[in-house]
Amino acid sequence: MRPFRVFYRFLTGSLRLVLMGNAGYWAWVVLLLALIASGLLAFRMQMERGLVVTAMRDQVSWGFYIGNFTFLVGVAAAAVVLVIPAYIYNWKPIRQIVVYGELLAVSAIVMCLLFVVVDIGRPDRFWHLIPPWGRLNFPDSILAWDVLVLNLYFVLNFGIVTHILYRAFSGRPYARRVVEPLILLSIPMAVGIHTVTAFLYNGLAARPYWNASILAPQFLASAFCSGPAILLVVLQLLRRFTRFEIKDEAIWKIAELMSYAMFLNLFLHGAEAFKEYYSNTEHLLYARYWYSGLGEHRTLVPYAWSAVGLNILGFVLFAIPTARRNPILLNLGALATYAGVYIEKGMGLIIPGLTPDALGEIYEYAPTLTELRIAAGVFAVGFLIFTLMLKVAVPIALGEFRLDRDARGRVLEGLESAGGSGDPSLSLPSSAVRSNR
Amino acid sequence: MRFLTMLLILALLYVAIPRASDDPHRQTPSSPEEQPEVPSPPFSEGVFPCSDCHADMEVNRTRRELTDFHDDIVLEHDEQQRWCLDCHDATERDSLHLASGERISFDQSYRLCGQCHGEKLRDWRAGIHGRRTGEWNGRKQYLLCAHCHNPHQPRFAPLVPMPPPTAPRRPGQ
Amino acid sequence: MERASEKSAGTKLSRRRFLSWSAAAAAGFILTSCGPKRLREYPRNRLRRNLRELERKYSSECGTEVTLSDSPAVPGVLFGYALDLSRCIGCRRCVYACVEENNLSREPQVQWIRVLAMEKEKGIDFAHNDHYYNPESVPEQGKFYVPVSCQQCRNAPCTKVCPTGATWTEPDGIVVIDYEWCIGCRYCMAACPYGARHFNWTKPRVSTSEVNPRMHVLGNRPRPSGVVEKCTFCIQRTREGRYPACVEVCPAGARKFGNLLDPESEVRYIIERKRVLVLKEDLNTVPKFFYFYGT
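Protein chains in written order, with the working numbering: chain V, 1 to 437; chain Y, 438 to 610; chain C, 611 to 905.
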């Protein structure tokens, strides 16, 4: 079959898949579209009036958008948490879900790029960052490094996952000799993107709160405990609403790995806190602003302690095996971990780093409604992309969406396909999974 | 022929080697004897030339507080040790005098101030004391000490500050 | 050849077609990517033409005849600044002179100089100081004043971190910004230890009656919304040999300016004979803005 015809069938089949769904699915999609519409309107206002519609000012020149960007880079990097046990330890139950981790990474990177676009003062000049039309100040600027590695990571993951899925769709084996080294490459790349993002802050001598060597390891630890939380929830949803099967052991293993990462995260935070409070220099001001406020400036204190509490809760729930095997506690732990790291790495990193500012002034930043609307819109874009990709990927993985089948998975007669189909070891090995029901 | 060649070489050297006085930018008075260009002294209206009144008056060298005239001048400048005639010349009222007795015009009052405030005078000549206007690489424009400091009450009066910056506000506040 | 066609599952990708596509891609690359991007890369005659256009545009916008200079750095010059902390009384006349000279936005308010009131007992303390002092008269008892603006660092963290290279140090030492190339990411603002960089959160507004029409393309020309700006040592004045506006207006004579490479200059005199200090010295930014105590 000519490749354009295959692609055409893929497109039409995908379209049919995303338009097929129950009430819950449509409610979710409509909600996301509404958030996107709201975000677009708010963004238009921001483009017209300038960033003055946010609460950012000279004193706190980065805020909610960059906080979300930082958090989402961590989520993108967390896809690798699944890759390591799958391929390095060859733990088969996880191999099937590597693809979903990569879809999550792709969606997260899209959100990261969107957050950068809405944050810069001149989104119309975004192309200044893209050589050859623009000019990238490489290697001096860490932001230039970040542009490169994030886009490379995106291309890598997008390429791998679309290749695997498309080949599975057309009933052909994926190019193992190319794909598997690339999957292995994504491990150092995931570490790389979050290390470079940490270096963005780490390298600024002007901001003592960020200028700490602990930042890169702490970013990685918090990334590896927060990103998979989404996957935990999504995998359970898939198991519930589709014919997708995943062993409980796989899910529990992810939770266990997350607990180790959270322990490291808490330990590193503790180490930072010790250094600040014990040395008791004027650099303590930033940590004090976060944990106990400065004078009457106490906006962030409730968030600080919520983050600590949620993190500890998540750690405890995932560290105790009986707790993580309980479905309610498992999801509570996932939510707590995600929320805790979101607070601590989003606002808890950016705002205390800039308050007090370089000349000692305290301006208390908290996002405005416009910022919240735009951020919600960006999140909705990411979630929508993830949802739509899953809507196509899961049927492919289950063998339902194939070139030689129609949208309902029934085999179509008389259609040629190049190469064999149905070979379990070559397609996504969902058929190798024993049902756990 | 050899003599002419030598002469030619010397002439060329004379022209080629730059000297301090040739440099149009080199107009800072570097030696104490050089006199910087200053605008005219900031006299109160009608008080100069002093000889208009004092030419006909008797000289009274007794230390006292003035009551007839110049009583608006309150001396707050080492007033325990000095009074008017320690700076103003008693016989030639249009001049000031230095400790040595040398009479100087009001245009050179910096020399008088410099007797006690030597390091200020040194810094002023170098251009680092006092307000700077003009060209950073060109002719310095000097002001007299008296243009900023009232010689009788040299202490600066406090100024009203210009408004503070507006504090950053959230939109809508 | 056959292997190639097998791999592509049916399309006959000939070597010729591949080469012609590659050649087209390369040509497209060269055509779109070559050419100047930032102001500093423009050839002079092209820059001049752009400047004439900008001049016309600014003249019509501001309602007066604007001159837009692009004067380059004078060779043999490295600008330096010295501020006498024993003389500054915190009157803020420098702040407003700068606002007028450099066409800073009045609404929203942008000020390139920030005067910090510090307590004499504590000394120079960036963690505890007052930006918003407003007494009846200055100087206040027990306080001294430290005006802070761009320190024109020799080891500038801001130029290092700019992702597009929109800010750089000119040969005469002034750190400048290309307002047409800046994307407004504000990384430089996070990197600056002196809070010297300011962002145009919205379109800057200067009333036409207050515009200073003598402009420099890297200095005080009107800035668009969404870009960063900062003190340029009054590049439109200093490259013509004049002092910056803040130096000339200071009533206490606290500000000094000159060429660090000229041994007879005022700043060199101060560095050699007075005890100078720089702010946040431990950050190794090596500023060209010195502070000293004249008395």
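Honestly, the hints are just simulated from the structure, not real lab data. Incorrect hints may have been included.
Label pairs and their computed distance ranges (CB to CB) [as the list claims (entries may be wrong)]:
#1 C/Y903 with Y/R498: 54 to 60 Å
#2 C/S681 with Y/A448: 36 to 42 Å
#3 C/P823 with Y/P600: 21 to 27 Å
#4 V/P131 with C/G752: 32 to 38 Å
#5 V/R2 with C/E663: 19 to 25 Å
#6 V/A271 with C/E663: 25 to 31 Å
#7 V/P139 with C/A637: 46 to 52 Å
#8 C/R815 with Y/F593: 46 to 52 Å
#9 V/L33 with C/E663: 26 to 32 Å
From the three backbone atoms N, C-alpha and C, an ideal C-beta is built for every residue, glycine too.
Quick rundown of the hints versus the structure:
Taken as a hint, the range 54 to 60 Å is violated for the pair C/Y903 and Y/R498, whose Cβ atoms sit roughly 41 Å apart. C/S681 and Y/A448 have their C-beta atoms about 37 Å apart, which keeps the hinted 36 to 42 Å range intact. Checking the proposed 21 to 27 Å range against C/P823 and Y/P600 shows it holds: the Cβ atoms sit about 26 Å from each other. In this structure, V/P131 and C/G752 break the distance hint of 32 to 38 Å, their C-beta atoms being roughly 55 Å apart.
Between V/R2 and C/E663 the Cβ separation comes to about 53 Å, which falls outside the hinted range of 19 to 25 Å. For the pair V/A271 and C/E663, the beta carbons lie near 57 Å from each other, so the given range of 25 to 31 Å is not met. Distance hint for V/P139 and C/A637: a CB-CB separation of about 28 Å, inconsistent with the stated range 46 to 52 Å. At roughly 36 Å, the beta carbons of C/R815 and Y/F593 sit outside the given window of 46 to 52 Å.
At roughly 44 Å, the beta-carbon separation of V/L33 and C/E663 lies outside the given 26 to 32 Å, and the hint is violated.
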